[in-house]
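2 protein chains.
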Amino acid sequence: MTRTTPADTPLGDSFHVFDTTLRDGAQREGITYSVADKLAVARLLDEVGVGFIEGGWPGAMPKDTEFFAKARELDLQHAALVAFGSTRRAGTTADRDPQVRALLDSAAPVVTLVAKSDRRHIERALRTDVPEACAMVRDTVSFLVGEGRRVFLDAEHFFDGYAHDPDTALAVLTAAVEAGADVAVLCDTNGGQLPLHLADTVGEVIARTGFRVGIHCQDDTGCAVANSIAAVQAGATHVQCTANGYGERAGNADLFSVVGNLVTKLGMPVIPAHAVPELSRVSHALAEIANIAPDTHQAYVGSSAFAHKAGLHASAIKVDPLLYNHIDPTVVGNDMRVLVTEMAGRASLELKGRELGVDLAGQPEVLTAAVRKVKELESHGWSFEAADASLELLLRHELSEVDEPPFTLESYRVIMDHSIDGTVVSEATVKLHVNGARVLATAEGNGPVHALDAALREALLPHLPWLSAVQLTDYKVRILVDHPGTDAVTRVLVESTDGEREWTTVGVHGNIVEASWLALCDALVHKAMRASRPLTAVGGHGGPPTT
Amino acid sequence: MTRTTPADTPLGDSFHVFDTTLRDGAQREGITYSVADKLAVARLLDEVGVGFIEGGWPGAMPKDTEFFAKARELDLQHAALVAFGSTRRAGTTADRDPQVRALLDSAAPVVTLVAKSDRRHIERALRTDVPEACAMVRDTVSFLVGEGRRVFLDAEHFFDGYAHDPDTALAVLTAAVEAGADVAVLCDTNGGQLPLHLADTVGEVIARTGFRVGIHCQDDTGCAVANSIAAVQAGATHVQCTANGYGERAGNADLFSVVGNLVTKLGMPVIPAHAVPELSRVSHALAEIANIAPDTHQAYVGSSAFAHKAGLHASAIKVDPLLYNHIDPTVVGNDMRVLVTEMAGRASLELKGRELGVDLAGQPEVLTAAVRKVKELESHGWSFEAADASLELLLRHELSEVDEPPFTLESYRVIMDHSIDGTVVSEATVKLHVNGARVLATAEGNGPVHALDAALREALLPHLPWLSAVQLTDYKVRILVDHPGTDAVTRVLVESTDGEREWTTVGVHGNIVEASWLALCDALVHKAMRASRPLTAVGGHGGPPTT
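So the sequences go chain by chain: A and P. Residue 614 is where the first sequence ends in the numbering used here, and the numbering goes up by one at each step. Residue 614 is where the second sequence ends in the numbering used here, and the numbering goes up by one at each step.
By construction, these hints were calculated from the structure, which means they are not laboratory data. One or more hints might be untrue.
To be verified - With a straight-line Cα cutoff of 20 Å, these simulated EDC-like cross-link-like pairs (lysine to aspartate or glutamate) come out:
#	chain 1	residue 1	chain 2	residue 2
1	A	K332	P	D267
2	A	K498	A	E471
3	P	K130	A	E443
4	P	K130	A	E445
5	A	K498	P	D488
6	P	K332	A	D267
7	A	K543	P	D541
8	P	K442	A	E96
9	P	K543	A	D541
10	A	K543	A	E525
11	A	K543	A	E569
12	A	K498	A	E525
13	P	K498	A	E471
14	P	K442	P	D455
15	A	K130	A	D104
16	P	K498	A	D484
17	P	K498	P	E525
18	A	K498	P	D484
19	P	K440	P	E468
Said to hold, decoys possible - Computed Cβ-Cβ distance ranges for the label pairs, DEER-style:
#	chain 1	residue 1	chain 2	residue 2	range
20	P	R194	A	E355	31 to 39 Å
21	A	K440	P	T276	19 to 27 Å
22	P	S486	A	A103	46 to 54 Å
23	P	I359	A	T564	20 to 28 Å
24	A	W533	P	R194	44 to 52 Å
25	A	A598	P	L418	52 to 60 Å
For each residue, glycine too, the CB sits at the ideal point set by N, CA and C.
Assemble the whole structure, with the sequences as input and the hints as a guide.
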């Protein structure tokens, strides 16, 4: 807890990956971290080897005060813990300002102080003048440094301020550094910068001051990652980011893209080598804690970041994946995925099978049959690109590798009533055969599919106890109106989990309830199959399970 | 349909905003546009004034061939339509290559040809040599130019190719331009570039060749927007993007961020002035068509892009919003305090009412009530962005302008049976009151909603003969899983036509059948209302009906 420099990272203190997910990231609409969440986030950030974790604003936010109290028990391996706060108020001294004292009380060994560096903000929002603003910075930095803290300065609205009045902007930085601040962090607070101009400004500030400079970018022009990288190329040695780019408005610079770029494009080992393959896992885990669906198209770590759909490339990808991927996806713990689409050919299906642990390489006639089956189903509206589990079942069925299904359907009936009093009720009855027995069950639900799922569970649970761990986590519906044929068909995707892995299945039918039924059944059959047949890699090239 | 240059844009042909949502954007996992979707997308892209709309790959994709056939009836105001294709195959002539002939048959006045410009791809994927690859480019461009087409060249994997073997990369460009191609588009196909280096390469290529250069960026480093802007600053005058950055893997450069940056940051009027405030609306409408939840944190157009969480800045924002926003959000049709959708504000609701022929200008208290009602419904998952007819009903209801509904519901019941013989049957019974009579009707359908619609018609037709002209033309379902509250709710959009006009209505409920019922009823009530109250423009500013 007394560490003030990054530990066990190849670049040591000479380059800072500074994470502010817990402070600036929490400004994102919809995020509300509990103290327990914050502790879990800090542990995960430490696992990817960031150098600094800004935990919040003690004093201003009670939850943050509590976080710092509990964070003393965190056994961080790499990161130093940072408290965020503002300089003393105008007209008082730093040691008497309760907000500054709260920074000391947090026991965080490092403090980031935010200060206004745009004259217009100093005059209009702070309602003071430049000499007093500089004095506030100087006094607060001196006081904290005197108390043994390492101090970084966040120069708010720096780029607009520097463009409007460079002398004021530089005076604020100078006040901080002369008083003992280690890094002058140039903040693009409203996120309006573009990379070429930003890089020029960063280079100019370094040339004029000789200070150690950091960068903090917001994503309002869609350029936060690019701006951060450009700043590093211009000489910044401290970069502030948030996990998955969480933050106010359009968000902040995404930690995972910034680190991915620095490590793989610029060859800068800014986190420990063993942490690089953890990036994808930690990104998804942090999304889980924030209760935000992961961005499947996120650079480097998104589940689609290396997913290829184009039939154009599929056969060439087989020859040499690196001709089509900008990096080897496993470097960042991700995986290449081939999407099986209407353009599916033999090469992409074979490759996809390998990914799912199904070896089709030596069986050309099975591969031919599987391609024909997939194309046939796709012409009726099926799509396997997001339903790996259904595709795996199809491939194993072609290989005659699927055991007897765990249950068979005799019939079901779903009834929905909108009563005269306005209430809406759904009720489902299923009749099934399982383990030689005939079972009937009836259940209610919010809607027809929910009722059917409930009846299915009610019927099967006594016979298939493993079912209790399986939960439906997502349900997507797409109506295919002008599908070649006559009537509209409905495509349903069901995502399931058993607490350890997630898998997605698909069902297609003219009737939405039947389509849902098909996807629900596939989900259970896939779980039963995986229980009896654990995934094994094929030919040494199979990756980890991606479903 | 014969336009080959952008019309009515301030920069004319000297700068190209080239959209490839319908071709490269459709490579995104999960997107499958119908032909009707593609036509709707093209209309919306034309509304924001893009110069070129790449519609697809005729010949290779049957749906794209059909799109180009139907696109002849599109009355595009700004954009020229573009077909995408590859050069002739090795060992044949362009005029005999069926894929090249399909480009001509599409009747698109502009063609983008994709060609490999990385020697490793030419040798390993194309399995030919550089002279033959150049000949393929030269022949195909010459042939198409000879047939009166304007041709752009997409130089695939250009940046990696140029770094590896600049002579080959430039030879491919030269073959195209000497044969008559207008623009050499440098493609960062695997998306691995960063802005500073990319800008250097673009500048160097222009200096060495003097060619007109375009840029096409993928987002694998999270820098597609920044790379596109950097390329323009280095001299590129043609920029390829997709709506909301849809595309393979991490996606493409986002049209809305790129245009937002070019217009507001670099002062380049690349789309007509009147189209700039349409960017936010069109972005959301295109997400709706793609059936992808809009990215609320998208730069410029996201509903949170200018949303400030209360805290440090709250009071200062009141003093001067432009101190905290990088641009005035209304410039791009966005709003500073919007939380759920752009509809939330008074000004936009008043404007929208005017567009729908509903005059709210003189009735501030009705407007207040309507804004409150819309916000309340939005907090329960309703969305009126794509459901003008439901919104019009809501506004007229607030104005007490809606007549008695043409019918009222007593109850309905829907039954679905999956029988022992495998057949699936849906049956619906409705009990209604219409014109003072109580009517019962039962009908079957492919699915529950189809059966309900059929029963409704059966009951009403004898009493409301105008109903015979009304048809349901599209039906979209979105499950809102992580809606603030407890259970998932379902949002249904229904598009109807009476042969003269089309209108869209919305319904939201925990039960998909009830949500569909609400949208179906709104569709009929809107038709009845329009029959008794023809649309009249309000205050001379009302546009044509958009439903």
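task = State the violated hints by number, sorted upward, taking the hints as numbered earlier in the document.
result = 10, 13, 20, 21
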